[in-house]
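Number of protein chains: 2
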Amino acid sequence: MAYTAQVLYDFSAEPGNNELSVREGETITITNQNIGGGWIEARNSRGEVGLVPEDYVELGKTPAAGGSTAPLDLTFFDSQAPAPASTTQSQTSNGNDPWAVFDTNASGGFSNNWAAQPEGTETGKNSNNAWGSTSYGHPQAYQGPGVEDDEWDDEWDERKSSGGYAEGDMGEGGAMNRGGVHGSSMKIALNKGEVGPVWEYPEIQLDCVVADPKKGSKMYGLKSYIEYQVTPNTTNKPVNHRYKHFDWLYERLLEKFGSAIPIPCLPDKQVTGRFEEEFIKMRMERLQGWMTRMCRHPVVSSSEVFQLFLTYKDEKDWKTGKRKAEKDETVGVMIFSTIEPEGVPDLEIHEVEQKCEQFSRFTKAMDDGVKDLLTVGNEHWKRCTGPLPKEYQRIGKAFQNLSSVFTSSGYEGEATLTDALTAAGKTYEEIAQMVAEQPRKDLHFLMETNNEYKGLLGCFPDTIGVHKAAIEKVKEADKLVAASKITSAEKVTMGKRASSMSYALQAEMNHFHSNRIYDYNRVMQQYLEEQVKFYETIAEKLRHAHSQFTTM
Amino acid sequence: MAYTAQVLYDFSAEPGNNELSVREGETITITNQNIGGGWIEARNSRGEVGLVPEDYVELGKTPAAGGSTAPLDLTFFDSQAPAPASTTQSQTSNGNDPWAVFDTNASGGFSNNWAAQPEGTETGKNSNNAWGSTSYGHPQAYQGPGVEDDEWDDEWDERKSSGGYAEGDMGEGGAMNRGGVHGSSMKIALNKGEVGPVWEYPEIQLDCVVADPKKGSKMYGLKSYIEYQVTPNTTNKPVNHRYKHFDWLYERLLEKFGSAIPIPCLPDKQVTGRFEEEFIKMRMERLQGWMTRMCRHPVVSSSEVFQLFLTYKDEKDWKTGKRKAEKDETVGVMIFSTIEPEGVPDLEIHEVEQKCEQFSRFTKAMDDGVKDLLTVGNEHWKRCTGPLPKEYQRIGKAFQNLSSVFTSSGYEGEATLTDALTAAGKTYEEIAQMVAEQPRKDLHFLMETNNEYKGLLGCFPDTIGVHKAAIEKVKEADKLVAASKITSAEKVTMGKRASSMSYALQAEMNHFHSNRIYDYNRVMQQYLEEQVKFYETIAEKLRHAHSQFTTM
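Those protein sequence lines, which keep their order, are chains A and B. Position 316 of the first sequence, counting from 1, maps to 316 under the UniProt record's numbering, and the rest follow consecutively. Position 215 of the second sequence, counting from 1, maps to 215 under the UniProt record's numbering, and the rest follow consecutively.
Bear in mind the hints are in silico, worked out from the structure with no lab data behind them. No false leads were mixed into what you were given.
Just so you know, same-sequence chains aren't split out, so a pair can sit in one copy or run between any two.
Here are the simulated SDA-like cross-link-like pairs (lysine to any residue), alpha carbons at most 20 angstroms apart as the crow flies: (1) 192 / 411; (2) 533 / 432; (3) 382 / 435; (4) 382 / 432; (5) 397 / 378; (6) 491 / 337; (7) 237 / 204; (8) 485 / 495; (9) 426 / 521; (10) 397 / 365; (11) 327 / 338; (12) 215 / 280; (13) 397 / 429; (14) 426 / 525; (15) 426 / 523; (16) 192 / 511; (17) 533 / 544.
Model the full assembly from the supplied sequences, consistent with the hints where possible.
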């Protein structure tokens, strides 16, 4: 039975996609509610029929909630706070939660202090948005087209099998097997390295290649999308993923590891022009960068959900694993319960605090430095692709123009000069082109690396906030004991746990530092190498132009 | 007796020069009117006493007229026009003037046509100011400080002997002797070269060095000025000249040769900051360029007045020569009477016209081309000395800043990276400086040469205007004969004279072309050579910076 719906937001149809443009407040008639993939078919007052995103209309039922970024699950510690869906499970399992000591006191006066970030500290005044700085988008001159949502929710399950490989030789129950390797009960090893606590690194580092973007379609060709081929070095078997699956993985990783490990955002989403070659290439490059960074992280890369993403066998395996991952209870601060610092003494709380402050200062300072470099780089990019080549072009034209004037003189024997002047002019036009193209060859990678680090660094305020909150709690433990809110034994346990958290943070910082050194060494080398080539080529071109003038 | 005066214009005192700042409309009291050199001593209402330029105040007498550029003496042909001082002598000597044929008809209806530039032609609508383009000043970013008058009129005679050499071995009567070598009756030889008519070039080309600017003073140290040492290669004996003497020479050359030979303007005059080192250096460089160009010209360099300037023996010789030069009657179009085309047939009037049109087109086109290059060069100059080095500096700072953040990490073993990053940052700061300094090393000379040519080309419209007027007159000769205004013999003479003028113009164009080829070859080589060095140095610096990063 057809019924009407109210349009909640403006929606602009993409040409050639059977979509219908609608405006906020408009009333439309639903002609087919069973299109699937987050779409409905509707007719407007002018009788035009087309697809409209389900979420954009009020159908008399609650619109499907968009997959917004999961906030850091600090409410885990606070039984008073209304429990969001993702934390419900954590709370129901408090009974056997080794970190429940923090939660058993949730009804006390301190629970909010614990959950909230401490006031008056550097990170205290900030939201999830890192350092309280204004939203710092990817510089316009440098990024691709406008940033919007990717495809609307459409179910993997509905699309034709276009990913994974279904060869029978791998057998059934992949997800279950992965669960055995790295289930929720798995412990994260933490070793003592030369630089202090370090994660346990696998012997062979996981890596993967994101390649071969292909246009797929569903709903009998009504909707189309891009699928990327992801091939891990462990199996060397490609699996296919759409951007929305990367986004799903990101949400899982953020939820699970976000308190302890910075999980950088995915590259920007966007709708318009998403089949444009340049955009797809750029997105693929950034997805590759993101995946490489995740692969490099020993904790993330060995996690069940990450392994599922890279090595699912078939649709069934993927769906089973997906459901399992979404039910994972070891999320938020629970991740610290799985960390086992081996052969290291417990840290005193002032040591924990000192380390935390140090990392906070460093990450803040680096965040500033990286943003500064990005600003400068962006301006340089604009100049190199804008006014500078135009100017070289004009110099080139002026030389060539003078050359043709000279040619018109009627004076004998100045062909050498006019030819040389023309050649010099063309050389400056070539230089103009080189200048305009150069940023893609060098500055681009410097910008990409710094953008990645901007993303990583943006995660630290939350991570550090969790630590600071834990530190505050431990520091108040004496009062809690005095007030008989906790036992002395529980106080000791709290201290031990803060120590574990600190070791985890130290391991993460050490991971961060070693990656940072590697990344900046590599990108600076690459940048300077290309810069040298650039200037050498210009010098060579000019030397050739110079040689064409007569020495008199 | 002291009396008051009204200030006509604002005048800002130069510090340390005993000057008094006054404002337009202010009433001042004259305390000493006999200072000389164009200055008076005055007291303002606040009782302050100092020197003020005589021309800036209304003393109840006409202010001394400034030495404006002499307009081209076309009125020579027109007895109806009020005769300016410089043409009076020409007219009184019409009796034995070989060009008097044009003048005997001055009372006829055509004399104004002859004197005026023809209407409807390209140059016809233009004044002395070349091509009718708006005044095209030296680009601001490129030139020195503001352009104004040089020192105020002060008499050479009043200053202490500070120039020339008074060794007795040269004997007396230098000016008279020079007159013997190249008097007003001397003929300018014109030969047939490979490219057509050419001036007769001396075996040894005259050259001179303008150097050693020295601050002199007069009026008992109240006023000071700069004196340049000019040393010709012929005598190798230095003479001293102030800017105003160069200016006097320019006026004489313009008056004498302006109808036939482009006499470019002197470098800009200016008052403020005239003792600033940079300004003096720049003016000297330009005076050198101007003198070199004049020396290169066979007709100009062998002229009596030019020889006087370079080789006067003492003050008396200078003064005698100066007076004689100022009385020279072979000025304006009279110069053509001294030209003797040798061994070449008379040109038909259509050939004369065709040549004239060709040169007009070429010089106009080159003028445009040169101005375009100057505009582009000026913008490039601004960018290279303004925003571009600032940007490189910021890149350098961003790298160094990141390096110090990294150093603060507390992570062991990243000294190689941080040192290399610092070095890379410093390299970009060095590059910033190189970029800012580079225009002085290459673009400067390209700009100077093009400025010189702009000046030269700006003289052609007048020269060509004289030719076009003569051509028009010849073309009307038939009518004049029919109206019995001239005889047939006179008509033939007119044709012959137009032919001579055309040969002179051709010789001048050939001189111009050969100089142009030489100058542009040289300056382009110099420019490109410095550009190559510049880019090679940058590449080398960056290669060194690159080598400091670890290859991992």
